[in-house]
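Chain A is already provided as a structure; the job is to place chain B on it using the hints.
Each chain, written out:
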Amino acid sequence: MAEQDDRFLNTFFEEAYEHLASFENTMLEIESVADNSELVGRAFRSLHTIKGSGAMFGLDDLSRFTHEVEAVFDLVRNGKLALSRPLADLALKAGDHIRCLLDVARAGGEANCDAGEALVAALKKVSTSSGARKADGADPATYRIRFAPATDIFLKGVNPLLLMAELRELGRCDVYAHTDNIPELDALDPESCDLFWDIIITTTRGIDAIKDVFLFLDEESEVRVDTIDDGSSSEISPDYKKLGAILSERGDVDSASLEQFINARKKIGEELVAAGVTASGKVESALMEQRHVREARASRAAEQGASIRVPLAKLDQLVNLVGELVIVQARISRLAQESDASPLLASMAEELERLTAELRDNSLGIRMVPIGGTFDRFRRLVRDLSGELGKDITMTTEGGETELDKTVIERLNDPLVHIIRNSIDHGIEAPDTREAAGKPRAGTVHLSASHSGPNVVIEISDDGAGLNADAIRAKAVERGLIAADSTLTNAEIFPLVFQPGFSTANKVTDVSGRGVGMDVVKRGIESLGGTAKIDSRPGEGTTIAITLPLTLAIIDGLLVEAGGESFVLPMQTVKECIELTRNDAAHSHGRRYINVRDSILPYMRLREWFGINGNSPDIEQIIVTEVGGRRTGIAVDRVVGEYQTVIKKLGNLYQDVEGISGATIMGNGNVALILDVRQLAAAVESQENEALAGR
Amino acid sequence: MAGKIMVVDDSASIRQLVGFTLKNAGYDVVEASDGRDAVSKLGGTRVGMLITDLNMPNMDGIELVRKVRSDASHKFIPIIMLTTESQDAKKQEGKAAGATGWIVKPFKPDQLLAVVKKVFG
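If you're matching them up, the sequences are chains A and B in order. Count along the first sequence from 1, then add 2; that gives the number in the numbering used here. Count along the second sequence from 1, then add 645; that gives the number in the numbering used here.
Only chain A is shown next, with the shape it has when bound in the complex (with noise of 0.2 angstroms):
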């Protein structure tokens, strides 16, 4: 083996690695999902390319192996045996003697993987004692549903959600409500149903399983089921339909006035629409159908393997030179903008911006991978610490879509399995101590993931026992942190977990408090540029929200002065700008306050921050910002407009300066100093809440 190529070998223990690692999420996977033909597909795909290449590197004992969990999972594939719970547990623990295999044969040793045998022959009983069963691993199709209920089944005791609910299960599922026969406020009788629906579904279970759901509606209410994409079309090509035909199909439009449009060589949708031919809402149905489609096409496509593996240094180098594009773009747009240059250099100066900016969106996009993967790694973790602990949890994510920079997710992994261990551990209780205080036995431990303006917050929260308010102040009174007779309110007291080496657990577990605190965590995240929150209510569980900002290399700015001097705000912070006049400002009675469309917005004059000399005009621009769903307001002497730039990192002297976050370099040369909207707005609100105190 040694005269094997290393470069290949690398290749292939990488690429095992990774195939085991999908083996497993999919093994966690399909103990929660209904339909998992899919999943089981993908699980014998691993196997089959860790088998094939193991045995193509010599690598005969994995080989075997892996070929005895590729019999049993080929016969979950077609239908002879069914997947439990049992069979899954035994896939892990087979999983874990192929990672055994593959790290034994990385580190050129004897094999000393003993389970090897037993799991061999408990594989074998599985597969020969097979009692046949089958499966619904038919290809998935694509169906369009109209639902259009008759209006008194509120009054039959019908639920719509759920019927979408069961559907849902069926598989991935794209829901339009039409509202169009909604009628005016003063008709509306909120006891009728006016509502209507398109649902495309693409689902392995046939149109029965579609059919089923709708099993106890009656006559009145119309239930229509359509293939619209049989799935076994094996091209590439996601087209679909065009939308003209989806909706004749569908007995929206007829033929003969789509004819007359068709044409027409504009948007037909936009057409129709304005022609009183069909209404918005059906148009746009039918353009969630054709997105439907092309996304299921596309991603069947994507099945077959058309990726590629690029190491992250090039993409890093990638991002770095578009980085320096857009600044070159820039200085290039504002050339063109003086007044004396060439309407053709203007021309493409928009040209380029346009081109830059995709370029940036497409190469920063390549970095971005969805979180997902992330929290099923955890699904692991989770399982098996809860069978160490003896306890019965439970992990649901929601928002694995929430799209994060790849090295920010991986810096993430250690804080979030060490605040996960800490749910588990002291968090959530043991079944019987959850049962006598009145909850269900199993816990559960939530990750979610959302966008909230320009940061992705995480969340872990779980439904345990909460802190211990009483506990975390005796230990702080203990180190020193506070003075024992102190007065703190919960929000106080439960951050201070955060300090190092603090512990309120009674116990040392294996699976934390083993000294490795929450500071670590803290550090971990802020780090990362971002924040972390802990609330909790005794007796129902804690929660840990993680707020990370997407520190990407590029932003979208508003270019504002102040004295002379440039400065960038974050887009995604701004709202709206508006005039402070001499007049407004004196009417305030000194006090930064302007009344914006009757309510009340506090304020702060960028000049007053940064100390700048100097009259300010008699009209100041106000920026109304929010961040983190407050509102605050930066008086500026002038908006010069929105601008696009490279975030270049102040030098270590500047760090702990408070308002900026950054600088950039402009087309002119100049640096502008991009402002943290956060910090501002904080040091805004502490401000208020002195002068209030001080009142």
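Incorrect hints may have been included.
To be verified - These stretches of chain B come out as covered by chain A in the derived footprint (C-beta under 8 angstroms, 3 or more residues):
1) 716-724
2) 737-749
What the hints assert, rightly or not - Which chain B residues stay away from chain A? Per the calculated CB distances, all over 12 angstroms, these:
3) Ser656
4) Ala657
5) Gln661
6) Phe665
7) Thr666
8) Asp705
9) Ser731
10) Gln732
Stated by the list, open to error - Dumping the calculated SDA-like pairs for lysine to any residue here, alpha-carbon to alpha-carbon at most 20 angstroms:
11) B/Lys735 with A/Glu221
12) A/Lys213 with B/Val749
13) B/Lys735 with B/Arg714
14) A/Lys441 with B/Tyr672
15) B/Lys762 with A/Pro162
16) B/Lys668 with A/Asn615
17) B/Lys753 with A/Leu217
18) B/Lys740 with A/Asp214
19) B/Lys720 with B/Arg691
20) B/Lys712 with B/Gly689
21) B/Lys686 with B/His719
22) B/Lys720 with A/Leu163
23) A/Lys441 with B/Ala670
24) B/Lys720 with A/Leu157
25) A/Lys82 with A/Gly208
26) A/Lys213 with A/Pro162
27) B/Lys740 with A/Pro162
28) B/Lys740 with A/Ser223
29) B/Lys712 with A/Leu157
30) A/Lys95 with A/Ala120
31) B/Lys668 with A/Glu437
32) B/Lys720 with A/Phe156
33) B/Lys720 with A/Pro162
34) B/Lys762 with A/Ala211
35) B/Lys736 with A/Asp154
36) A/Lys213 with B/Trp747
37) B/Lys720 with A/Asp196
Just so you know, the hints here were simulated from the structure itself, not pulled from any lab data. The C-beta atom is built at its ideal place from N, Cα and C for all residues, glycine as well.
Using the frame of chain A, we list chain B on its own:
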């Protein structure tokens, strides 16, 4: 109130079987022995769903469905009828009265739970 299901049947064994299955699945169960008993118990408690037999003394299932549909606090709850294969006409009558769906006797616990999940969640 979500999570509470009333089971109406004059046969104690069916009531117990259905009640046991539902309780095991985490639902609260109220039992009633016939339509009249059900109506009087509904006056004192709010339930989220009703499962009723059709042939019962005092007040039958169809009548019960009508009563429930005209009771402001239970108007919109899902109602499932327990029917037998031979009762197709009855089933139609029940649907017309406002029943949401039906389960054909005899049924397995899984089938019952599937229907409850379908209409009640």
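Checklist entry - Looking back at the numbered hints, which does the structure fail to meet, lowest number first? => result The structure conflicts with hint 16 only, although it agrees with all the remaining ones.
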